[in-house]
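Read off the chains here:
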Amino acid sequence: MDFSLSPEELAFKKEVNDWLDEHMKELPDWWVKNDGSGPEPESEENQRFSMEWHKKLYDAGFIGIAWPKEYGGRGATIMEQVIFNEEMAKRHAPTGAGGLGVGWAGPTIIAAGTEEQKKRFLPKILSGEESWCQAFSEPGAGSDMANIQTKAVEDGDYYVVNGQKVWTTGGMRADWAILLARTDFNPDIPKHRGISYFLLDMHAPGVTVRPLREMHGEALFGETFLDDVRIHKSLMVGEKNKGWYISMGTLEFERSNSSTAIGLLNTVDNLIALAKTMKRNEEALSNDPMVRQQIAQFYIEVNVAKYIGLRALTRQLRGMTPGPESAVGSLLIMELGQRMQNFAMTLQGPYSRLMKGSKYAVENGRWQRSFLSSRGDTIMTGTSEIKRNIIAQRTLGLPRWV
Amino acid sequence: MNFELDEEQIMLKTSARDFLEKECPKTLVREMMENKQGYSPELWKKMAGLGWLGISFPEEYGGSGFTFLDLAVLLEECGRALLPGPFMPTVVLAGRTILAAGTEEQKKRLLPEMIDGTLIMTLACMEENGSLEAAGIKAKAEKSGSGWVINGTKLFVPDAHVSDCLLCVARTSDSPDKEKGITVFLVDAKSKGISTDVLETMTGEKLCKVDFEGVTVPADNIIGTVDEGWPVVQKMMGEAAVAEAAWMTGSARWVLDTTIDYAKERIAFGRPIGSFQAIQHKLANMALEVEGATAIMYYAAWTIAEDTPEKELAVSMAKSWCGDTCRNAAFNGVQIHGGIGFTWDHDMHLYFKRAKSSEVSFGDGDYHRENIARLLNI
Numbered sequence: 001m002d003f004s005l006s007p008e009e010l011a012f013k014k015e016v017n018d019w020l021d022e023h024m025k026e027l028p029d030w031w032v033k034n035d036g037s038g039p040e041p042e043s044e045e046n047q048r049f050s051m052e053w054h055k056k057l058y059d060a061g062f063i064g065i066a067w068p069k070e071y072g073g074r075g076a077t078i079m080e081q082v083i084f085n086e087e088m089a090k091r092h093a094p095t096g097a098g099g100l101g102v103g104w105a106g107p108t109i110i111a112a113g114t115e116e117q118k119k120r121f122l123p124k125i126l127s128g129e130e131s132w133c134q135a136f137s138e139p140g141a142g143s144d145m146a147n148i149q150t151k152a153v154e155d156g157d158y159y160v161v162n163g164q165k166v167w168t169t170g171g172m173r174a175d176w177a178i179l180l181a182r183t184d185f186n187p188d189i190p191k192h193r194g195i196s197y198f199l200l201d202m203h204a205p206g207v208t209v210r211p212l213r214e215m216h217g218e219a220l221f222g223e224t225f226l227d228d229v230r231i232h233k234s235l236m237v238g239e240k241n242k243g244w245y246i247s248m249g250t251l252e253f254e255r256s257n258s259s260t261a262i263g264l265l266n267t268v269d270n271l272i273a274l275a276k277t278m279k280r281n282e283e284a285l286s287n288d289p290m291v292r293q294q295i296a297q298f299y300i301e302v303n304v305a306k307y308i309g310l311r312a313l314t315r316q317l318r319g320m321t322p323g324p325e326s327a328v329g330s331l332l333i334m335e336l337g338q339r340m341q342n343f344a345m346t347l348q349g350p351y352s353r354l355m356k357g358s359k360y361a362v363e364n365g366r367w368q369r370s371f372l373s374s375r376g377d378t379i380m381t382g383t384s385e386i387k388r389n390i391i392a393q394r395t396l397g398l399p400r401w402v
Numbered sequence: 403m404n405f406e407l408d409e410e411q412i413m414l415k416t417s418a419r420d421f422l423e424k425e426c427p428k429t430l431v432r433e434m435m436e437n438k439q440g441y442s443p444e445l446w447k448k449m450a451g452l453g454w455l456g457i458s459f460p461e462e463y464g465g466s467g468f469t470f471l472d473l474a475v476l477l478e479e480c481g482r483a484l485l486p487g488p489f490m491p492t493v494v495l496a497g498r499t500i501l502a503a504g505t506e507e508q509k510k511r512l513l514p515e516m517i518d519g520t521l522i523m524t525l526a527c528m529e530e531n532g533s534l535e536a537a538g539i540k541a542k543a544e545k546s547g548s549g550w551v552i553n554g555t556k557l558f559v560p561d562a563h564v565s566d567c568l569l570c571v572a573r574t575s576d577s578p579d580k581e582k583g584i585t586v587f588l589v590d591a592k593s594k595g596i597s598t599d600v601l602e603t604m605t606g607e608k609l610c611k612v613d614f615e616g617v618t619v620p621a622d623n624i625i626g627t628v629d630e631g632w633p634v635v636q637k638m639m640g641e642a643a644v645a646e647a648a649w650m651t652g653s654a655r656w657v658l659d660t661t662i663d664y665a666k667e668r669i670a671f672g673r674p675i676g677s678f679q680a681i682q683h684k685l686a687n688m689a690l691e692v693e694g695a696t697a698i699m700y701y702a703a704w705t706i707a708e709d710t711p712e713k714e715l716a717v718s719m720a721k722s723w724c725g726d727t728c729r730n731a732a733f734n735g736v737q738i739h740g741g742i743g744f745t746w747d748h749d750m751h752l753y754f755k756r757a758k759s760s761e762v763s764f765g766d767g768d769y770h771r772e773n774i775a776r777l778l779n780i
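Chains as they are written, first to last, in this note's numbering: chain A, 1 to 402; chain B, 403 to 780.
A few of these clues could be false.
Computed cross-link-like contacts, DSSO-like style, restricted to lysine-lysine with a CA-CA straight-line distance of at most 30 Å [claimed, not checked]:
| no. | chain 1 | residue 1 | chain 2 | residue 2 |
| --- | --- | --- | --- | --- |
| 1 | B | K611 | A | K276 |
| 2 | B | K540 | A | K356 |
| 3 | A | K191 | B | K666 |
| 4 | A | K242 | A | K124 |
| 5 | A | K359 | B | K580 |
| 6 | A | K387 | B | K684 |
| 7 | B | K542 | A | K276 |
| 8 | A | K359 | B | K540 |
Between beta-carbon pairs, the in silico distance windows are [claimed, not checked]:
| no. | chain 1 | residue 1 | chain 2 | residue 2 | range |
| --- | --- | --- | --- | --- | --- |
| 9 | A | F225 | B | T429 | 24 to 30 Å |
| 10 | A | H23 | B | A680 | 41 to 47 Å |
| 11 | B | E544 | A | K33 | 38 to 44 Å |
| 12 | B | I780 | A | K33 | 39 to 45 Å |
| 13 | B | I780 | A | P211 | 51 to 57 Å |
| 14 | A | I272 | B | D518 | 51 to 57 Å |
| 15 | A | K55 | B | K592 | 55 to 61 Å |
Simulated from the structure, these hints should not be mistaken for lab results. The beta-carbon is built from N, C-alpha and C at its ideal position, and this holds for glycine as well.
Use the sequences and the hints to build the structure in full.
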């Protein structure tokens, strides 16, 4: 076993850090302080900030580093991707804009798209000029994604699409969407075999997006209604009725790595700072044995998650099939994150009730925001229940109950 | 042996539930979150008309002469409905304190008006230090002529901005034993020197900062005896904790009932999600906790009604268990509902947020478990 980096990898790590040293100075105060005083995520100001930072990363060649060079990336090795994500997380640097373009739509088009699609879409994904959202889920098709009802019916050189999508991230702003729609209506075939993968112009006639407000009060997602939307056949990705397999490949782009765990290490530090600030009966909570035990336990669990991620990474580097590490890692991280957010509420005691903007709000109410937000983490991108099923059935080989 | 509600209590429960389902829909709850007053005066009048404000008060003041246990049954239904407004502060925090420690004159002066709905009250106790201990009381009351002058800041005072009077817990003399030298004052909310700010809460509850700057209080507005107010406060906090436990039990049961209904109807992979073991086990665990909450809460309410020696232990058991139950139920309620449970439009987040708020009111689980450890001489 060897946790050290090769000379090339160390050089890359230095390159990233040198760049961050130079450019993190340009970040606004509210980002650096991370005290909830910044603009709302969906606000104009935040979008502008996000695009400016994206441009900096793009100009430095740090957007889409995993993409092949021929498509504008740097062909970064897996280790370089990991180093990049880790350093960005450690330094708490903002990531790029463009929604699901760089991490999801782009890699899908690279893997399964036509040359025309690559030429048309990849450059603008990288530059952030066009932003992307995902139109997979429907009100009746969340965990059971194969149950999608959105129809795409052939009409000459086009498909005419009708249906409703939900949880389209940043849907109000997105220019394009990766879309799953049903193209085979034969009731006798398994549902997932009748699905095709499309690239949808969110500005096309017939596309309506309504904001979908979450429990923290903001609408980071949309509901997208498709009424007789015409999509040219050239915008189908891969073969007709093979969309399911392409989307499964897309989901695997969420490779388990250790950068989320590093984000949680930052959270542990923030919990320690909070525990030192909050007092009970004039005594800092960081002196309370139960608080100390709990924070220590969180530190242990975050590190467990981190090293699970590194094992999964090693298997990937060796070209092995993913083992249980990948699935358990993401399950652990999401649930752990929620418990840590709940603990931040516990530390604040009676003050936990106060939101951003209130007199006496702790750290400007940022924990209240992240606490509410974290409630969605075990539902979005795979519920904990589905993850446990996958672990049990696919990785542990336990029999499926029919 | 009889450890279940009697017929009258069941009737009270059923009629309260029906009334609130009709008069306190979630649209009202959401409206009151945004509304500055935070409660519906029309609904308050109706509740007064039903005798709700006088449930645990003697008939001589206009009450119905029932017990704290009967009040707990009612509070459970209020929690189920997330009833907005000053019901708990008026009746439990202030009303029952006056009942327990007030003079006959004070009781005659205040309780009938409270019970008929014309007097809204609250209690200002916790300060910026967030402490529930006597040592946390730093607001001062100094003798001035025939009365007293109060100076200090109180936080998280529920509905102070709509209250007609507040009970204020202040220190009247210094002593090495911090539990001595505390007095409970009845203060007219319109007194010169009082300023109230409503804090922004996650739940939309109207918790206030109340500043007392040279507020004068006549001597006949002291509840109980000068310097000996702490036991009065402790008794109030015990009742408040069980009142919250009752509220949380009602909320948790709404979550359980609603989530069971959803699990039966929501189809995924060709079958109701309630047919999957993972969901069944979560709901079974929730049911276990909610049943436990109901049992321990009624027991604690009974010990208060009967004033038994086990009261303090029972209060802490109920507050900690019910707090955990309500928080866990709401958390899993969202999870089982999946994406829709995370939306603003679905009602689950109202319960999720209130669960966290009630959890920290009058002592969270850790506080009460420590109290239990002390009482068990661990």
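Where does the structure disagree with the numbered hints, that is, which hint numbers, in rising order?
none
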